[in-house]
Structure formats: structure tokens, C-alpha cells
Amino acid sequence: MKFSMRHGFAVTLLIGAFILAACGSSGSSTGTSSGSSTSAEAGAKDPVTFALVTPLSEPGDYRSGELIQKVGELWTKQTNAAGGVDGHKVNLKFYDDQGKPAVGASDVERAITQDKASGIFGVWHSSVTVAQMNVVHRYNVPLFAFYSWADQVTGDNLPQVFRIGPYNSQIAANFAPFIKQQGYKKVAVLAEDTDYGIGFAEALKKAVGTEATIDVTQFPAQSEDVTAQLSKIKTQNPDAVIIATVYAASNLAVRQAKEVGLDAQLIAGWDYPTSADFWKTVGKAGVDIIYPTFYDKSLALTPTGQDFAKAYEAAYGSNPVIMQYFLWDTLNAQKTAIEKAKSTDPAELVKTLPSIEFEGTTGKITFANEKGTPAFNQWMGVKQFFMQLTAEGQSGEDATLLFPKQ
Amino acid sequence: MHLLVQTIVLGLLTGGIYALIAAGLSLVFGVLRVVNFAHGAMAMLGAFAAYFATANTGVPALLGIPVAILAGGAVGYATNALLLRPVHQGKLQHPGEYVVIATFVLMQLILGAAIVGFGGTYRHSAGFWDSNLHISDWVAVSGNRVVAFVAAIGLLAGLLWVVYHTDLGRAWRALTQNRLGAQVSGLDVGRLSGYAFAAGAGLAAAGLTLMTPLFFVYPGSGSIVLMKGFVVVIVAGLGSIGGVLIGGLALGLVEALGTTYISSAYTDAYGFLIMIAIMMIYPLGIFGRSTRAL
Chain A
72 MKFSMRHGFA
82 VTLLIGAFIL
92 AACGSSGSST
102 GTSSGSSTSA
112 EAGAKDPVTF
122 ALVTPLSEPG
132 DYRSGELIQK
142 VGELWTKQTN
152 AAGGVDGHKV
162 NLKFYDDQGK
172 PAVGASDVER
182 AITQDKASGI
192 FGVWHSSVTV
202 AQMNVVHRYN
212 VPLFAFYSWA
222 DQVTGDNLPQ
232 VFRIGPYNSQ
242 IAANFAPFIK
252 QQGYKKVAVL
262 AEDTDYGIGF
272 AEALKKAVGT
282 EATIDVTQFP
292 AQSEDVTAQL
302 SKIKTQNPDA
312 VIIATVYAAS
322 NLAVRQAKEV
332 GLDAQLIAGW
342 DYPTSADFWK
352 TVGKAGVDII
362 YPTFYDKSLA
372 LTPTGQDFAK
382 AYEAAYGSNP
392 VIMQYFLWDT
402 LNAQKTAIEK
412 AKSTDPAELV
422 KTLPSIEFEG
432 TTGKITFANE
442 KGTPAFNQWM
452 GVKQFFMQLT
462 AEGQSGEDAT
472 LLFPKQ
Chain B
2 MHLLVQTIVL
12 GLLTGGIYAL
22 IAAGLSLVFG
32 VLRVVNFAHG
42 AMAMLGAFAA
52 YFATANTGVP
62 ALLGIPVAIL
72 AGGAVGYATN
82 ALLLRPVHQG
92 KLQHPGEYVV
102 IATFVLMQLI
112 LGAAIVGFGG
122 TYRHSAGFWD
132 SNLHISDWVA
142 VSGNRVVAFV
152 AAIGLLAGLL
162 WVVYHTDLGR
172 AWRALTQNRL
182 GAQVSGLDVG
192 RLSGYAFAAG
202 AGLAAAGLTL
212 MTPLFFVYPG
222 SGSIVLMKGF
232 VVVIVAGLGS
242 IGGVLIGGLA
252 LGLVEALGTT
262 YISSAYTDAY
272 GFLIMIAIMM
282 IYPLGIFGRS
292 TRAL
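Residue numbers (my numbering), protein chains in the order written: chain A, 72 to 477; chain B, 2 to 295.
With the rest of the complex left out, here is chain A (with noise of 0.2 Å):
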């Protein structure tokens, strides 16, 4: 038999196929049910789909995805045990926008005219989140965000987008006091060029005013080496450099300070210095680093939240980071929705939805509505604190809180 072209190829693809539906769905944009097998109690009603869109593979930040990805399955596997959203079983299907905008955008849209969901969870990349907005928009979908922190999320004031976690110039306004606190007057901005990076580097900006000198060095987000954009800022002998990046050089540009010199007090732009390869990464280099985050041994979770992470250490084996926490109210909200609005039409739920109330994993979960802000649609209850870890491999619940002041 000739081997032509058009056999190699088939019998690569075949191959291909094969292989990676032994290795599971990571990585694929193909939604997969992840319900589980509890229809037998939950199964009076017709089963409602819950659409988890999350970065699952490169050039996203498929580690936050992983765990998005265990949030929603905890999730899914408790609430239909207990008997599913008022009496619909969940099917949770997964999506993989890669980080990326139009595949993000494309995901969703898929999600909402094949499989049918009621709602979308589990965005991550602001840029993507961003790009989603406009197709719940047409489709009159919920999407919830949680961790996309650009303002224009909810700023937009879409009435189907609904956050519960953080935002940029929330985020800024509250290291302006810090800022003023440690007696910071020249502080270096290394931002990553995304919604994030540069929105956060804006709104920082605002907030400081004239307090404090801000220097913005962009960087391309999936850079790695920023050993010349950080011996640039070293020139400016800066107080303090902000590390502004959800891609690798979160971890690579606090090395790379220390390797080119640079002795002005680093500080993370969000907590990711408390996740698991924070200190397998960077060693040394990672001691005295501050962060700003959400969560501290001061703040009281409710009874929702112990019973959360009760659940999370016993199915995983350690405890849940701040970001899983807001994502489980994000869910937690779309079944308050359902069981008020006793429906699952989307177009009902975005109707509900403003006006629910119910106990979150922190505090209780209301909406602001306030038009023509960031604050619509927006849970406002986020404290948030700033830490510094003062030892290698310290851990979360040891460092040392700087700001607020006990």
C-alpha cells in the first residue's frame, strides 16, 4: 500500500485522538461533564448546566485554572448529594479559554447555545472576561466574575455580569494608605500589558495622586526575562517595585530583582506569593516580599466558609487560597438565584439576581448598584489586607500583617 500524505497525517491525528483522550479533557476547549453521579436524588427536574470557563491550558494561567477546576467540582459533587439547586441536578461542564480573548468569547457562546447554561463561572484573565461580556450580553446569560479584577468588568455595568471578589481601583485605593504607611515616596510599577496589569498601574496612579512618584514599566505578559525592564528601574532608585502579572514572571521577576540588584522593597500585586510553588521557585529571593490579599487569620469566615474549607482540606488535602473562597459564593449565588426565581430561564435568573441576598463564605452577599461605576452588580464586602512573609517557606497564615494595623 503507498503511504501518501493524506495516510501519515490520518494516522497522526488517530494517534493524536487517542492519546489525549486517554490523558483526559486538560487542555481541551471541549466542555466535559463533570456532574456527579447523584441524579437519583436530585432527578426530579430536568438537569440545569453550570458552565465553567477557566484558562486549562498555556499561554493561560492554567495553575489558577486547576484550581477553579476543584472549586467547581467540590461544588457540583456537594450540592447535588444534598439534592441538587432546587431540585435540578448540576451538570458542570468545563471549558479551556487558553487565556485567550476569542477563544474565551467563543467558549461561552458555545456554552450558551449548544449546552444550554444557566450561567458562566470561573473567568479569569480579565482580557478574556472582558471579551465573554459582550456574548452573555446578546444571550441575556449570567457570568460571574470573581477574580478579573479590571474595572471595566462591572464598570461597564452590564446587566449580566455580576462580580463577587476584588477590583483595580478598589485594589489601588487601598495601597494608597499603605503606601502612605510605610513612607513610600517613589514607587515602580511593573505591569504586565493586559486589562490587569495596566489598569491596575492606572487606577494606582489615581489613587496615590501626589503622595507618592508612580513609575509604570510595561512588559509584554508572556514575557519571562524582565531583567532589563527591572534593571531600568533600578536606575530610578525606587522605594518600592510593584509586580503587577498573573503570567510566569509573577514568580521569575522577583529572582530576577535580586539577580540585577535592585534592593527596593518588592511587593507582589496580588497574594500569589502564598501559592504552592511560590518558594520552590524562588527561594531566597522571596523573603520580605509583601502582598497584598484577602484574607488573614483576623478575618472571620462564616459558618459557609468553615464548611468550605473543612471540605476543600478533606478533598484535596490543603486548605483553600482567598480566590476559591469568592468563587464558591459566585456558584453558591447562581443557586440562590434559581431557588428564588424557581427557575433556571437565564433571562429570569439576570432578573433575580441583584436583589438576592445570602450568607458567603466571608461575610453576607449583597449587590451594589450604583450606575455608571465599578460598583454594579458588585459584591462590596472584600477587606483586604497586606502581608509579608519574613522567612523562606513561611506560609500564609505566618506572615506577618503590616496594614490595617491590629
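Since the hints were made in silico from the structure, they are not lab data. Among these hints, one or two may not hold up.
Unchecked claim - Part of the chain B face toward chain A, derived, beta carbon under 8 Å: (1) L4; (2) Q7; (3) T8; (4) L11; (5) H135; (6) A141; (7) V142; (8) F216; (9) F217; (10) G221; (11) I225; (12) D269.
For every residue, glycine included, the Cβ atom is placed at its ideal position computed from N, Cα and C.
Keeping the supplied structure of chain A fixed, place chain B upon it in accordance with the hints.
Showing chain B alone in chain A's frame:
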């Protein structure tokens, strides 16, 4: 002035590693006249092998380099033997297109399997020389960066020696100059291609391993290798191994200078701009020839 010196040093040190990574791509193109899109993925597998061989085992980090070469080389050799057999059998009407598609699919497969198998965690290899070297106020670089550069140049020199001073190198060069003539003279094209694929993937794996104490290893790390490698070989001229050293250093330098003095937001774009400019002036690359030669 201090910043200029620092920028030049950083650019050259990074450029040396780019050159090593690109050398493998150039070798494969020179010998087989095909573009290997799985080059970066093979490098990533080799770097993971080095990581697992040295992390928490007490084995010195530098011994990870031969491990990476062997692992990357084995994957490269197997790819040539299994996936490219139809090309060597001369049974394809469009072998170039077949290789592009087949290696692209292979790259996706390796990437997907690596995400599932290794997870998304960034892994940090033990350093070769874990000191930050500060030469007065002029230059501040990591000892790991210096070791990586020296090792990369050494490996590149070794490859050039093989190409120009051994029978294997002579056979490779014969293939690049006249494939049919080399076959008629009795050279085993499949076997020589296998050696080229193995050497190319092995060197790329070594290059990526040299970078892992600086940049970490994770499933997606091969993508960056592939992108930089392509820019270097196109600037240098496809198939010109000697030229990739110049191309690699030039890319490192242009990226660093552009980032520092033009805009820090377009680091990767400077390489592509240079590539486009070079292609307009030298369509075959600076050292490329119309009749290809290593």
C-alpha cells in the same frame, strides 16, 4: 552608561542560549530541508528529564545537561524513525507539508501530555552557580546566567567541530549540498537524518535546561524556545549553523536594547521587526545561500 553596559551584557548572555537552541533547528533544516515544529516540545521533554534527574536527588545540576541531551536526542531520533519514515522512503508528493503538519500535531500532543503528566507547576532547577555577580556598579548578573552562556557556547563549538571535522559532519554537509548525489554515493539518508534530529533536539534540550535555573521549566516553556529559535534561524539563514551564533547574539542584544531604550512593552516584537527587516534585504538570511550548506 552603567545601564548601557548592563543591557549589553544581559543581551549577549541571553543571545548565546538563543543561538544554541536555534542551532538544532538549523541543523535539522539543513540536513532534512524540513521545519520541525516540535523542536520546542522536544526541548521541554529533555529539560523535564534533567529536572527529574537532578531535583532532590543530590545529583549536581550540571549533570542534568547530558541527561537533557540524551532524553531530547532520544525523542528526536524516535520522531525521525517513526513519524518521518514516509519522507525518507520518498513516497510523499509533498514531504515538506507533511512534516510541518505532522510535527505541529506532535507538538500539541507532547504539550497536552506534559500538562496532564507533569502538571502546570513552574519548576525551578537547582542552580549551576547560585550567586549574583555584581561587578562594581556596572554589571549585575546571575552566576547561573554566566554558566549557561559559557556552556551554550561550548556546546555550539562542539557542534561546529562535529560538522566540519568528522565523517558524520561531512555526510551531513554532503546531504545539504546534493541529497540525490549523497544517496547515490551510498549515504544512508534515514540514519543521518535520525542523527541530525537527535542532535538538534538534544542541543535544544540542553539550551532549555541551561535556562531552567533562570526561567523555570513547565510544559509551555518549549513554545518560547521555538519562537526564539525561528527568529534566529531566519535572521541567520536557514541551515547556516555558523550564522546562528551571530543571529542569536544579535537577537539577544536587540531585545535587551529595545526594551531598555525604546519601550519595555515590546520585547518580543523587536526580534520580529529585525527578522522582517533582514528578510527584506537578505531573503535567505544573512548567512543563507541559494544552494544550502551547513
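Okay, the hints, checked on the actual structure:
| no. | hint | in the structure |
| --- | --- | --- |
| 1 | L4 | 5 Å, holds |
| 2 | Q7 | 5 Å, holds |
| 3 | T8 | 6 Å, holds |
| 4 | L11 | 5 Å, holds |
| 5 | H135 | 5 Å, holds |
| 6 | A141 | 4 Å, holds |
| 7 | V142 | 7 Å, holds |
| 8 | F216 | 4 Å, holds |
| 9 | F217 | 6 Å, holds |
| 10 | G221 | 3 Å, holds |
| 11 | I225 | 6 Å, holds |
| 12 | D269 | 5 Å, holds |
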